[in-house]
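The opening residue of the sequence shown carries number 0 in numbering that gives the first Met the number 0; numbering runs sequentially from there.
I should point out that these hints are in silico values taken from the structure, not numbers from a laboratory.
Just so you know, these numbers come straight off a predicted model, no measurement behind them.
A portion of the hints provided could be inaccurate.
[Claimed, not checked] Listed next, with one range per pair, are the computed distances between beta-carbon atoms:
{"#": "1", "residue 1": "Asp138", "residue 2": "Thr84", "range": "39 to 47 Å"}
{"#": "2", "residue 1": "Asp138", "residue 2": "Ser210", "range": "14 to 22 Å"}
{"#": "3", "residue 1": "Asp263", "residue 2": "Gly178", "range": "52 to 60 Å"}
{"#": "4", "residue 1": "Gln134", "residue 2": "Thr46", "range": "27 to 35 Å"}
{"#": "5", "residue 1": "Thr46", "residue 2": "Ala310", "range": "18 to 26 Å"}
{"#": "6", "residue 1": "Met203", "residue 2": "Gly299", "range": "41 to 49 Å"}
{"#": "7", "residue 1": "Ser177", "residue 2": "Asp207", "range": "18 to 26 Å"}
{"#": "8", "residue 1": "Gln88", "residue 2": "Glu139", "range": "21 to 29 Å"}
We treat Cβ as the ideally placed atom computed from N, Cα and C, and that holds for glycine.
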Amino acid sequence: MKLSKVILAGTVGLVSLSMAACGGGSSSGDSSGGGQQTVFKLAFNQTEEHPQYLAAVELGKKLEEATDGRYSIKVYPNEQLGTQTDVVQNLSNGTVEMMYIGGPVMEGFNKDFIVYNLPYVFDSIEAQQEVFRDQELNDELFHSLEASKNITVLAALHAGVRNVYSSKGPVREPSDLSGQKIRVQQSDSQVKMIELMGAVASPMGQGDVYSALQTGVLDGAENNETVYDSLKHDEIAKYYSYTKHLMIPDYLLISSKALEGMDDADREAFLALIPDTQDMADTGFLDFVEESKANAESLGAEFVEDVDTAAFKELVQPLVDESVNENDARKALYAAIQEANAAHPAS
0 MKLSKVILAG
10 TVGLVSLSMA
20 ACGGGSSSGD
30 SSGGGQQTVF
40 KLAFNQTEEH
50 PQYLAAVELG
60 KKLEEATDGR
70 YSIKVYPNEQ
80 LGTQTDVVQN
90 LSNGTVEMMY
100 IGGPVMEGFN
110 KDFIVYNLPY
120 VFDSIEAQQE
130 VFRDQELNDE
140 LFHSLEASKN
150 ITVLAALHAG
160 VRNVYSSKGP
170 VREPSDLSGQ
180 KIRVQQSDSQ
190 VKMIELMGAV
200 ASPMGQGDVY
210 SALQTGVLDG
220 AENNETVYDS
230 LKHDEIAKYY
240 SYTKHLMIPD
250 YLLISSKALE
260 GMDDADREAF
270 LALIPDTQDM
280 ADTGFLDFVE
290 ESKANAESLG
300 AEFVEDVDTA
310 AFKELVQPLV
320 DESVNENDAR
330 KALYAAIQEA
340 NAAHPAS
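Kindly produce the complete structure, drawing on both the sequences and the hints.
This is the structure in structure tokens:
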């Protein structure tokens, strides 16, 4: 069965399926007493308050109902199963069956994912969502890892607008970043981006950032407001500056063998739940941003609005041009982004 015919490539959902490498998964007696229940695991690197976590829990309830108890979901937040880099390897070999992952990590498996991770490519959330929900556009990319890595991309989701925060002071222009050690995600494009913006790139897993900020190994990081507050980085790095340099996605991944291991009816029931999960996650994310910002401000964080984003955009444009022009597939994705930006300009 060709997975691309059954996957809702543009939907955004949050779950975690736990099946064994053979596609089976851990089993126990189900709640109805009618046989074995397959327990799905979701690996997640954020907290229980995150809207993606809450959406995953709700999806698990609906999945159990839709399959008459044959499947359930166990969500593992806070990097309990390891960093994203570790978990995606486990997903590939079948010891973990589902996860959320930040877009830049995917570049290590197929460099064409870089297009959606480039700085300043999306002008608005609406433009990003239009692109991500275009199944025909994303079909080849989202199924490109099935044969080589046993990984299927079920969905891409909005994961906020990323900005720079620092313990050293506001970042209003590139010179303010000079010499600062800034954490980025573990990908070549993210390292190059922050270096072009003027900082020293320090790629590392999310779980190590707080202690690195606390000890001075890092001067700052870049992320959205929800991560800044929920991981308590606002306790140490008090200056959050709206560089607005990234609007990269999170992806929902599943072991291709695990998905194939479901019977047709249960697979279809699972996939049918993803659009509602997407709506819950996206709406919750936007609300969570406002809550996170208010809480960070109550702790003394300063949100800096008067940032010369045009100066930063100019500095990183060579990275965009170089990356997009690498092949025709990337050019097509980038052209679709520009069409969406024209239809949904920044407000």
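Violated hints, by number in ascending order, as checked against the structure: Result: hints 1, 2, 5 and 6 break, sorted rising.
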